[in-house]
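Peer 1: Sequence:
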Amino acid sequence: MDDVEAADVHRHDRADELFVRERGDLDEAVERALRGAALWDEVEDKLHSSGLDLSGGQQQRLCIARSIAPDPEVILMDEPASALDPIATSKIEDLIADLAQDYTVVIVTHNMQQAARISDKTAVFLTGGELVEFGDTNEIFQNPEDDRVEDYITGKFG
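Quick note: the sequence shown, position 2, residue 2 per full-length UniProt numbering, numbers continuous.
No lab work stands behind these hints, which were simulated from the structure alone. Just so you know, not all the hints are guaranteed correct.
[To be verified] Below 25 Å or equal to it, Euclidean Cα-Cα: the simulated DSS-like pairs (lysine-lysine) are:
no., residue 1, residue 2
1, LYS91, LYS46
2, LYS156, LYS121
3, LYS91, LYS121
Full structure from sequences and hints, please.
Peer 2: Here it is, written out as structure tokens:
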């Protein structure tokens, strides 16, 4: 078997893992993902309704359910609680903490308070995408090495 054929076989094997073969399997996968996103109890009787009928916080958790359905190793979230009320934000942050037990969760946010609350590690990028500082969240927020980082996290600019 040449390299192209071997790559094709590998690709097909992986694809088979991602496809649900029977309706019962699909139902189980949907329930597992919705439970994983702390949404099942709120939508189990609305599974055939549009996601647009959900609240903003529920829509965000639905997006998270969709992201965990294929059981990835890493979940990337871009501003996961932007434009949500404080209660919905709290639910998202609690969910992220739960997900971090099983997944690597990478969050992009401008909300420094949220980053301080929910992250173990922090990377600070400034204008132009320059990585200015990376390390333990508590260390960066309590004792940043770069003055620009201190100015940003204390609200002096940004």
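Peer 1: Output the indices of the hints that this structure fails to meet, ascending.
Peer 2: The structure breaks none of the hints.
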